[in-house]
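J.: The chain contents come next:
Protein chains: 2
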Amino acid sequence: MATTISSNLTRPEPQALKGAIDALAARFGNRLITSQAVREQHAHTTTWLPPQPPDAVVMAQETADIQDVVRICAKYRVPVIAFGTGTSLEGQVNAPAGGICIDLRDMNRVLAVHAEDLDCVIEPGVTRKALNEHLRDQGLFFPIDPGADASLGGMTATRASGTNAVRYGTMRENVLALKVVRGDGEIITTGTRAKKSSAGYDLTHLFIGAEGTLGIISELTIRLRGIPETIAAAACSFETVRGACQATILAIQTGIPVARIELLNAAQVKACNAYSKLSLPETPLLLLEFHGSEIEVAEQSKNFKEIAADCGGGDFTWTTRPEDRTKLWQARHDAYWSVKALRPGSGVVATDVCVPISRLADCVTETEEDLKRLNLISPIVGHVGDGNFHCSLLCDVDDADEMARGEEFMHRLVERAQAMGGTCTGEHGIGQGKQKYLEAELGPEALDAMRALKKALDPQNIFNPGKIVPA
Amino acid sequence: MATTISSNLTRPEPQALKGAIDALAARFGNRLITSQAVREQHAHTTTWLPPQPPDAVVMAQETADIQDVVRICAKYRVPVIAFGTGTSLEGQVNAPAGGICIDLRDMNRVLAVHAEDLDCVIEPGVTRKALNEHLRDQGLFFPIDPGADASLGGMTATRASGTNAVRYGTMRENVLALKVVRGDGEIITTGTRAKKSSAGYDLTHLFIGAEGTLGIISELTIRLRGIPETIAAAACSFETVRGACQATILAIQTGIPVARIELLNAAQVKACNAYSKLSLPETPLLLLEFHGSEIEVAEQSKNFKEIAADCGGGDFTWTTRPEDRTKLWQARHDAYWSVKALRPGSGVVATDVCVPISRLADCVTETEEDLKRLNLISPIVGHVGDGNFHCSLLCDVDDADEMARGEEFMHRLVERAQAMGGTCTGEHGIGQGKQKYLEAELGPEALDAMRALKKALDPQNIFNPGKIVPA
Numbered sequence: 059m060a061t062t063i064s065s066n067l068t069r070p071e072p073q074a075l076k077g078a079i080d081a082l083a084a085r086f087g088n089r090l091i092t093s094q095a096v097r098e099q100h101a102h103t104t105t106w107l108p109p110q111p112p113d114a115v116v117m118a119q120e121t122a123d124i125q126d127v128v129r130i131c132a133k134y135r136v137p138v139i140a141f142g143t144g145t146s147l148e149g150q151v152n153a154p155a156g157g158i159c160i161d162l163r164d165m166n167r168v169l170a171v172h173a174e175d176l177d178c179v180i181e182p183g184v185t186r187k188a189l190n191e192h193l194r195d196q197g198l199f200f201p202i203d204p205g206a207d208a209s210l211g212g213m214t215a216t217r218a219s220g221t222n223a224v225r226y227g228t229m230r231e232n233v234l235a236l237k238v239v240r241g242d243g244e245i246i247t248t249g250t251r252a253k254k255s256s257a258g259y260d261l262t263h264l265f266i267g268a269e270g271t272l273g274i275i276s277e278l279t280i281r282l283r284g285i286p287e288t289i290a291a292a293a294c295s296f297e298t299v300r301g302a303c304q305a306t307i308l309a310i311q312t313g314i315p316v317a318r319i320e321l322l323n324a325a326q327v328k329a330c331n332a333y334s335k336l337s338l339p340e341t342p343l344l345l346l347e348f349h350g351s352e353i354e355v356a357e358q359s360k361n362f363k364e365i366a367a368d369c370g371g372g373d374f375t376w377t378t379r380p381e382d383r384t385k386l387w388q389a390r391h392d393a394y395w396s397v398k399a400l401r402p403g404s405g406v407v408a409t410d411v412c413v414p415i416s417r418l419a420d421c422v423t424e425t426e427e428d429l430k431r432l433n434l435i436s437p438i439v440g441h442v443g444d445g446n447f448h449c450s451l452l453c454d455v456d457d458a459d460e461m462a463r464g465e466e467f468m469h470r471l472v473e474r475a476q477a478m479g480g481t482c483t484g485e486h487g488i489g490q491g492k493q494k495y496l497e498a499e500l501g502p503e504a505l506d507a508m509r510a511l512k513k514a515l516d517p518q519n520i521f522n523p524g525k526i527v528p529a
Numbered sequence: 059m060a061t062t063i064s065s066n067l068t069r070p071e072p073q074a075l076k077g078a079i080d081a082l083a084a085r086f087g088n089r090l091i092t093s094q095a096v097r098e099q100h101a102h103t104t105t106w107l108p109p110q111p112p113d114a115v116v117m118a119q120e121t122a123d124i125q126d127v128v129r130i131c132a133k134y135r136v137p138v139i140a141f142g143t144g145t146s147l148e149g150q151v152n153a154p155a156g157g158i159c160i161d162l163r164d165m166n167r168v169l170a171v172h173a174e175d176l177d178c179v180i181e182p183g184v185t186r187k188a189l190n191e192h193l194r195d196q197g198l199f200f201p202i203d204p205g206a207d208a209s210l211g212g213m214t215a216t217r218a219s220g221t222n223a224v225r226y227g228t229m230r231e232n233v234l235a236l237k238v239v240r241g242d243g244e245i246i247t248t249g250t251r252a253k254k255s256s257a258g259y260d261l262t263h264l265f266i267g268a269e270g271t272l273g274i275i276s277e278l279t280i281r282l283r284g285i286p287e288t289i290a291a292a293a294c295s296f297e298t299v300r301g302a303c304q305a306t307i308l309a310i311q312t313g314i315p316v317a318r319i320e321l322l323n324a325a326q327v328k329a330c331n332a333y334s335k336l337s338l339p340e341t342p343l344l345l346l347e348f349h350g351s352e353i354e355v356a357e358q359s360k361n362f363k364e365i366a367a368d369c370g371g372g373d374f375t376w377t378t379r380p381e382d383r384t385k386l387w388q389a390r391h392d393a394y395w396s397v398k399a400l401r402p403g404s405g406v407v408a409t410d411v412c413v414p415i416s417r418l419a420d421c422v423t424e425t426e427e428d429l430k431r432l433n434l435i436s437p438i439v440g441h442v443g444d445g446n447f448h449c450s451l452l453c454d455v456d457d458a459d460e461m462a463r464g465e466e467f468m469h470r471l472v473e474r475a476q477a478m479g480g481t482c483t484g485e486h487g488i489g490q491g492k493q494k495y496l497e498a499e500l501g502p503e504a505l506d507a508m509r510a511l512k513k514a515l516d517p518q519n520i521f522n523p524g525k526i527v528p529a
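Here the protein sequences come in this chain order: F and V. 59 is the number of the first residue of the first sequence in my numbering; add one for each residue after it. 59 is the number of the first residue of the second sequence in my numbering; add one for each residue after it.
Careful, some of the hints might be misleading.
To be verified - Straight line, CA to CA, 20 Å or less: simulated EDC-like cross-link-like pairs of lysine to aspartate or glutamate:
(1) V:Lys513 with F:Asp506
(2) V:Lys363 with V:Asp382
(3) F:Lys363 with F:Asp382
(4) V:Lys360 with F:Glu352
Claimed, not checked - Residues from chain V that face chain F, not an exhaustive set, calculated with beta carbons under 7 Å:
(5) Gly205
(6) Ala206
(7) Thr228
(8) Thr250
(9) Ser256
(10) Tyr259
(11) Leu261
(12) Arg281
(13) Gly284
(14) Asp444
(15) Ala477
(16) Gly480
(17) Gly484
(18) Gly487
(19) Gly501
(20) Glu503
Bear in mind the hints are in silico, worked out from the structure with no lab data behind them. Yeah, the Cβ is synthetic: ideal placement off N, Cα and C, and Gly gets one too.
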């Protein structure tokens, strides 16, 4: 599939690059790293896209570091790429034109927690697990869970979401304000701690999901929630994907405030049974989580149970005991590893699309038919309350025929989702991998607008060039 | 206060204006209106800002009409201003440089309702009451309620919210996608019907709250909700504003999914008693609404009652009977008229700020002290779950001294909110009235960014010039 990645980017002149690296070395000493190993660690590694390492990495410790890196890069017109944990899936941290990677992992301070206001102010390198660890004693948590222990800066930059989004929203709904280092090193403040505002253009949302192409996030103010009094987990098998989707639609429509509702298709359940030594019926499975008071959670479970029964659901198991909850969700947590184990040594390409929920059953069913026809293995898990699902496609990079079939599959998957009124990515972002699909989804006028915005805020094109908008 | 409105805008050359109006007349016939009366109706009338009528009004009936008006205005470089219902409060529909007003009231078709997906596609002139009327039979509703029966296009353009926002979010959280006519008359599609997306820059949010300064919204896809099985209304008086705010904070923090939580300060309760012939204790009052199943609503009410008692709340009344609910909320619904009745003939200036909820009691209390010191009358109502409150200031435009005191009050109100980490407007927008406060809130870098965005998407500065970003 590597043939589909191209860019018209040109690398900086060697002279300019040398100038930038010399200036950075003078400023950052041994926090500027140019070793091959470290550069490769900072190229994209978790997906099918070939790694494109930066020319150097700077380990930032504070906002002034970001400002100085950006100023030096701007002076020499060298690309600058922000790096959190490197868990993005569409090549967001690759350096197709080389340049300087700013590693933000050491900017991991929680600057303030405002428990009464349910918000906190953090540096971009704070990871979601570290944040939730920090918050637990105060009875608070940050609800967005994309699976990986990603940094909050990275999650913001890719507009991440995950299993809890059906109830709590995505990063889009949970970032109140940002500080962003712009091209001249000065800092844009996008908002306040007020929960809502009508004060001017929504700069916050412009930087959420911009994948570091418009500036570098140096500080975040994000929303928190109270840890629910009671958490219940539930599981229910269905004869068909359609039944599981119908139950999901009815649950959402009747306003059950389900906190998670995850679909595992039959292939995924089978893989989980093998990997996690479970004995789940090898048919589509819904895993759910309910949050609230004891009474509310019981009510939600009861209501969902009735819906599930009407939609051909089998036994409905639910529990509030933490150890039983963990057991029930085991299959979901092991999903990625269970796919890896299906064919050890093979790569796993993770991709996602999102469709209006009424089309979800069609979309998953047709996708399963495609997989069969193309003789490919790709279990499916879905954040079905949002109409969002993932394919974990096994791909042997040395098998040209399988790679070609994989590419056909991916194209068809995206085209199908778009034809159903959906999007080419619900939560992974565009990066390099999905640039070719953006125009079909939104039209040339939207791309014109995006190009105009990029030019307006990054006229030198130094911020993560070659991402999101095709040249 | 009129002295504070200024702009460096220049009107179009008479020749250019005549060219535009002639072309519009040829295209639209008697749907182009230039009578003084109609032009004045389309200038801003609901606030303290002096009306600035457009040079002509076009009654649009379909998207092609908007496109042609924009093309003609672009050709002659004449301003073009979108008009919904004219209920905005900061001069958003004024025409400080003249130009053409596009009245969108006849673009009021509901194009599609997708009940399973909980979304619908509408034209911009659909009002929220008309939409909810249309949806009722399907058990659905659109939750954003700013009070006025505003158009959904206008509500989007001003990033409106209102009483239900504490549970359902503002327009920011409830618009999925827009179609926007850009400067050359072509249409930008900003998103799909997918509930979430990571596909490129968030154009949807860029146009939400842009007050028509970046293009004209011609179609909206918005989120709907199921009408709750049970709605309960509740009321509780408090000795102090601080007690009412503390109860609100605890309710939010413990995750009670309250649908509305409105504060009326003592002055507002007094005004309501007089106007609506009620006998409420003349102390701060919280009015609440709970949505859910019968059991959930009972649970929420019970939990809130306990919190209220801990915070010095008095009798807690709650009911699910529609007629009793209406009675309980009577005071809130009559708030505006009750203020008008305090001094018949006097103007009422509505303004709003929003602060982190932990600072709300301080902010309201200090505001009340200011009113006393300045000898001004301004009852306060607040969407306190969001930290947002409104002052309804009585102002006699012929009393220069009162106007000066009113201006001082408004300045201090905004400065106080901003000093507390809040915003100069939670839901009314910037328009003309609050431009002078934007830089203090976000800094010059944010304003630079906003100017760059405006220039990128509206290089001719034809879309609603003189709004949001100070020249």
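J.: Are the hints correct? Go through all of them and say.
T.: Each hint tested on the structure:
| no. | hint | result |
| --- | --- | --- |
| 1 | V:Lys513 with F:Asp506 | holds (14 Å) |
| 2 | V:Lys363 with V:Asp382 | holds (18 Å) |
| 3 | F:Lys363 with F:Asp382 | holds (18 Å) |
| 4 | V:Lys360 with F:Glu352 | holds (14 Å) |
| 5 | Gly205 | violated (15 Å) |
| 6 | Ala206 | violated (15 Å) |
| 7 | Thr228 | holds (5 Å) |
| 8 | Thr250 | holds (5 Å) |
| 9 | Ser256 | holds (4 Å) |
| 10 | Tyr259 | holds (5 Å) |
| 11 | Leu261 | holds (6 Å) |
| 12 | Arg281 | violated (11 Å) |
| 13 | Gly284 | holds (5 Å) |
| 14 | Asp444 | holds (5 Å) |
| 15 | Ala477 | violated (11 Å) |
| 16 | Gly480 | holds (4 Å) |
| 17 | Gly484 | holds (5 Å) |
| 18 | Gly487 | holds (4 Å) |
| 19 | Gly501 | holds (5 Å) |
| 20 | Glu503 | holds (4 Å) |
Taken one by one, the earlier hints fail for this structure at numbers 5, 6, 12, 15, listed in ascending order.
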